[in-house]
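Engineer: Next come the chains, spelled out residue by residue.
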Amino acid sequence: MRRGSINKLLIANRGEIALRIIRSARQLGIATVAVYSNADADAAHVAAADQARLIGPPEAGQSYLNIAAIIEAAHATGADAIHPGYGFLSERPEFARAVDEAGMIFVGPPADVMAALGDKVAARRLAAGAGVAVVPGLETVEEHAAEQFAARVGFPLMVKAAAGGGGRGMRLVEAQAGLTEALAAAAREAKAAFGDGRVFLEKYLAHPRHVEVQVLADQHGGVVALGERDCSIQRRNQKIIEESPAPGLDDGLRTRMVEAALKVARVAGYRNAGTMEFLVDGGEFYFLEANTRLQVEHPVTEMRFGCDLVAEQLRVAMGERVGEPAAPRGAAIECRIYAEDAEHNFRPATGDALYLNLPAGPGVRIDTHLMTGARVTAFYDGLLGKLICWGADREQARIRMAAALGEFSLLGITNTAAFLRDVIASEAFREARLSTRFLERFFPRWSPGDEALESLLVAAAMVAGGALGSARSVSPGSSSSLGARNDGGRSERGGRSPWAELASFEPWGRGER
Amino acid sequence: MKLRRQGDAREFEVELLAQNRQDQPDQGDGDGRRAVRITIDGREVAATVAAMPDGTAIVDLGGRRVRVTGARRRSSIVAAAGPFAAEFIVVEGRTAHRVGGLAAPEVDAPMPGKVLKVLVAEGQAVEHGDPLIVLEAMKMETTLYAESPAIVAKICVVAGQMVDHGARLIELSPAAIPAKPPESPPQDD
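In order, the protein sequence lines correspond to chains A and B. Each residue of the first sequence is one higher than the one before, starting from 1 at the first, in the working numbering. Each residue of the second sequence is one higher than the one before, starting from 1001 at the first, in the working numbering.
Bear in mind the hints are in silico, worked out from the structure with no lab data behind them. Do not take every clue at face value.
Unchecked claim - List of simulated lysine to aspartate or glutamate pairs, EDC-like, C-alpha gap at most 20 Å:
# : chain 1 : residue 1 : chain 2 : residue 2
1 : A       : Lys-8     : A       : Glu-139
2 : B       : Lys-1114  : A       : Glu-59
3 : B       : Lys-1114  : A       : Asp-381
4 : A       : Lys-191   : B       : Glu-1122
5 : B       : Lys-1002  : A       : Glu-454
Turn these sequences into a full structure, and let the hints steer you where they fit.
Structural biologist: Take a look at the structure:
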């Protein structure tokens, strides 16, 4: 792996994460290069970077997944490092290799480490070899072997793509009858999404929690863990609400899980930021997979540890050592706001942002590329933004989140904000009754309440009657939140000082560099 | 005006009856506040509306204050009330729905994407819940099902085709009556 100072960083991504990376690079005095497709010529990340290069047509396969075009853009602009963000090429070893061979720094793990961990089947083997428990599973698409495995561990089973991520190429099989079709469908989806149709079977745990550990490793053998995140609340096997710490998790279990994550990272020879994912079922935890990149939900960790994980990634990539993290404080929750219709199976939505109001306030952070006039197309992932709220404890973070979601307003694109607010405000979430089946269990058929629907119909009637309809934009957070009803619940805070945790708080890694 | 929320079978009859700046003198402190009367499915809703400089309005519905925005978009209306945003299709003027027990005479793309598979043929009888078509959007497969018994009158797309949100995919006719495609209404989007 190359090291040395980074003077100009190309960000091989788009959307909120490209903006996020540009911000940290700028704070480190590193110049930035954005790349964009024809569909993104006026996107926020293009405007934010010091330079921008067109790399292809809207189809990701010919632009954001086009390794040759991205390397060419880096050469043409004199970039000496590339950050892949998440998604797109971030977990493609051939990309990491191409960046290295082009004489540039890849901000992530070396290609061979990525290959070993990014392949779910290989990662399972590696973890098991390191003495870490894995979910009982079988590596095959062969029908007879699959049936035998099913007979042994019982249904339901989970079919997963070896190259998978983000819930794609995953299929739940409830009974023998659906097995063959699920194997075929998952392989087809995996082939389409990742260009790799290999799938494997896993025993399906009934009500597990998804808990993951953030790790950061340097090029000198230093590996640290930055706590855990509970990402149990998922739809389509994709996370939508994440939080840290994992509420109600047994301290002994947490410690053992962090040790297991560090063990896997060390055995794999991991470098840079990565995440070890586990399923927690009863008093046990099982290694699930490693994510060899920055996670979407990394801000949850940043808010608790008071650190900048992208800056840490860049420092590590330049050869610096990781320091021992400061003690975390408080609790943080993230909600992902998607361009989806939560009432109808979260199907994707598109449109133009005609009006946008972003929340603000103490402990409220929003990572988004949205702006008024922005167009959401079907070409890319529908993540509109991430709302992250920090509180001295979980309940304060939760109340802040409910209020912040109430302030969020986006006209023109059907989105999940109102749904998320109802989830955050629910008793089930307040009581942290978390499992990966949380939404099936507590929100099987969500629809907005009568009051919300009435307000919406009043708005529609006003538009129809010409009394409304010339909304103009305001800058983020500048608007008052009169429309936001703070019904997120109240807690008895018992006079606890929100500053109590400050005593143990230090800028992360101070004195180590 | 008859509105149907995108993806929702229910229809709402809404009407803006009156908006008056003068008839509420005690509300009027010169800030543009006005009273409006709206009917939703015949039920009258009274609201006080304050226009905001950014084009939004604060609507007071019996003490419940909500920031609303909205706009016309081709044949639909988009609206937002706080964090809740939706698109309404203006149904008025369209071919009447629920002919002969048919939930809807057409199947439109609920999202933009690629037609992966067409599972039915023209003239074929389908039952409630039968799969009709498989779409792929954002690398996820979504199957569209028949919402009532029907005869497939016309298939408007082929496998492999890219379709926009609202694009007509399949036209249906009532199951009991011989296949006769309904008049093609305007595109939703």
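Engineer: Straight-line Cα separation of Lys-8 of chain A and Glu-139 of chain A no greater than 20 Å?
Structural biologist: 42 Å, violated
Engineer: Take the C-alpha atoms of Lys-191 of chain A and Glu-1122 of chain B, compute the straight-line distance between them, and say whether it is at most 20 Å.
Structural biologist: 31 Å, violated
Engineer: Given the hint that Lys-1114 of chain B pairs with Glu-59 of chain A, test it: the Cα-Cα distance must not exceed 20 Å.
Structural biologist: 13 Å, holds
Engineer: Hey, Lys-1114 of chain B versus Asp-381 of chain A, does the alpha-carbon distance stay inside 20 Å?
Structural biologist: 15 Å, holds
Engineer: Holds or violated: Lys-1002 of chain B with Glu-454 of chain A, Cα cutoff 20 Å?
Structural biologist: 15 Å, holds
Hint violations for this structure: numbers 1 and 4, all remaining hints satisfied.
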